[in-house]
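A.B. asks: Each chain, letter by letter, is given below.
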Amino acid sequence: MAEMDGPSAREHDVATLGRAVEDTNGNNGAVKVLRRIITALVMTGAAAAALRVKGRGGTPPQHGGWRPISIADGDAP
Amino acid sequence: MTVWLVGHGVVGRRVDRLLAHHEVRVHDPRREPTPLGEPGDVAVLTHPGRHLQLAEMFARRQISVITVGDDLDDVHGLLELGPRFSDAGRSLVIGAALSPGLSGLLARHLAERLHGVDEIHVAVHGTAGPACARAHHRSLSGRAPGLVDGRWVEFRGGAGRELCWFPEPVGPLDCYRAEIASPVLLHQAFDGVGRISVRRSATRRDRLTAPLPMLRPPHAEGGIGALRVEVRGSTADGGRETLVLGIAELVGTAAAAVAAAFVDECAQGGLPAGIVRAADAGLDTTALLCRVEGYGVRIQAFTGQPYG
Chain H
1 MAEMDGPSAR EHDVATLGRA VEDTNGNNGA VKVLRRIITA LVMTGAAAAA
51 LRVKGRGGTP PQHGGWRPIS IADGDAP
Chain L
78 MTVWLVGHGV VGRRVDRLLA HHEVRVHDPR REPTPLGEPG DVAVLTHPGR
128 HLQLAEMFAR RQISVITVGD DLDDVHGLLE LGPRFSDAGR SLVIGAALSP
178 GLSGLLARHL AERLHGVDEI HVAVHGTAGP ACARAHHRSL SGRAPGLVDG
228 RWVEFRGGAG RELCWFPEPV GPLDCYRAEI ASPVLLHQAF DGVGRISVRR
278 SATRRDRLTA PLPMLRPPHA EGGIGALRVE VRGSTADGGR ETLVLGIAEL
328 VGTAAAAVAA AFVDECAQGG LPAGIVRAAD AGLDTTALLC RVEGYGVRIQ
378 AFTGQPYG
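So the sequence lines, in the order shown, correspond to chains H and L. Anchor point for the first sequence: position 38 equals 38 in our numbering, and the numbering is continuous, going up by one each time. Numbers given in our numbering equal positions in the second sequence, counted from 1, plus 77.
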């Protein structure tokens, strides 16, 4: 019986260990994705903040650039 | 000279006020027969609905007619009255409001500064009285003619969104193709132009409810309206040029100013017999625009850069 029990127990242990490794790998994958998302968000935020603080683009035009003219005075458009 | 004013709504009342230096008589075609009139008299049609029938009546009386309507079918009908008015030596001004009307005057004024004109693009914002608001509502679900590469294309009203920048305080607004007569009249005045479009501003709700009857009564008068006329063409040295003029004003006030300017021009014999369009090359556009300015409409030019 001992000879019969030995291999069976080892097989059981190996199978259990395999499942545990699979679970660990699966968890690691999810954590990896989460970590990447957080890193991407942080990097995007940092880049946006850097551009906002250090950027030299100025404020885009907020008004249409219209100039009153007088046809009677001969103003050209 | 007597000015027979038909319609006493937002535009009619302002025309009445602006033409205080003429003898103005309000005529109600529902209650009174068409006036006999005298040579030199002018009828200004500002009433809601179509103007064709009444214009025919005035043509029989040999009275010049100025209409402020923008109904596409009505304008097609009015254009057929040309021989009657020219035979009588009288003028029929089709479209003497914001668009058609001031849009044509501004387009001609800009075209005179270019060697050749390729494109004319008009955008309108706002409405005058309730009748104008109803016409605006209908126009967004109708057929919207536009000239593309020299070919007429019938667009669906409410299609063709374009962000158009109007003079302050109106600013940028999304505008859409609409059933307005202006492209037809502009094309007749600018025969060689390949592209003509007219758009009017609208909200999402306007476009969504356009096929339905108006869900609530329109305002007594719309707020500040605006007009933008963009003319693209070539300069004498072959360069490309885009010129833009516009106004920001109550639509009823601007329309009344244009109608009054045409009445003054007619009174001074400045209008030819037959069909007259605001964009016609034969008109004294500068004099007409000066009259419009004199009635309090401020014209603005787009510089392309922030001003001030």
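These are computed hints drawn from the structure, not numbers from a lab. Predicted, not measured: the structure shown is a model, and the values here were computed from it. Here a beta-carbon is modelled for each residue, glycine too, at the ideal position from N, C-alpha and C. Heads up, a few of these hints could be off.
[Stated by the list, open to error] In silico negatives: residues of chain H with every beta carbon more than 10 Å from chain L:
| no. | residue |
| --- | --- |
| 1 | Ser8 |
| 2 | Leu17 |
| 3 | Lys32 |
| 4 | Arg35 |
| 5 | Leu41 |
| 6 | Gly45 |
| 7 | Gly65 |
| 8 | Arg67 |
[Unchecked claim] Chain H is faced by these chain L residues, among others (derived, beta-carbon under 7 Å):
| no. | residue |
| --- | --- |
| 9 | Leu289 |
| 10 | Pro290 |
| 11 | Ala378 |
A.B. asks: Please go over all the hints and tell whether each is borne out by the structure.
C.D. replies: Hints and how they fare:
No beta-carbon of chain L comes within 10 Å of the beta-carbon of Ser8(H); the shortest separation is about 71 Å. Every CB of chain L lies more than 10 Å from the CB of Leu17(H), the least distance being 61 Å, so the non-interface label holds. At the 10 Å boundary, the C-beta of Lys32(H) stays outside the reach of chain L, the nearest C-beta of that chain being 43 Å off. The Cβ of Arg35(H) lies farther than 10 Å from every Cβ of chain L, with a closest approach of about 41 Å, so its non-interface assignment holds.
No Cβ of chain L comes within 10 Å of the Cβ of Leu41(H); the nearest lies about 31 Å off, and the non-interface call holds. Distance check for Gly45(H) against chain L: the nearest CB is about 29 Å away, which clears 10 Å, and the non-interface claim stands. A beta-carbon of chain L comes within 10 Å of the beta-carbon of Gly65(H); the shortest separation is about 5 Å. The Cβ of Arg67(H) does not lie farther than 10 Å from every Cβ of chain L; its closest approach is about 5 Å, which violates its non-interface assignment.
Residue-level restraint check for Leu289(L) is violated (minimum Cβ-Cβ distance to chain H is 33 Å; threshold 7 Å). Given hint, Pro290(L) at the interface with chain H, is violated; its Cβ is 35 Å from that chain's nearest Cβ, farther than 7 Å. At about 4 Å, the closest approach between the beta carbon of Ala378(L) and any beta carbon in chain H falls short of 7 Å, and the interface hint on this residue holds.
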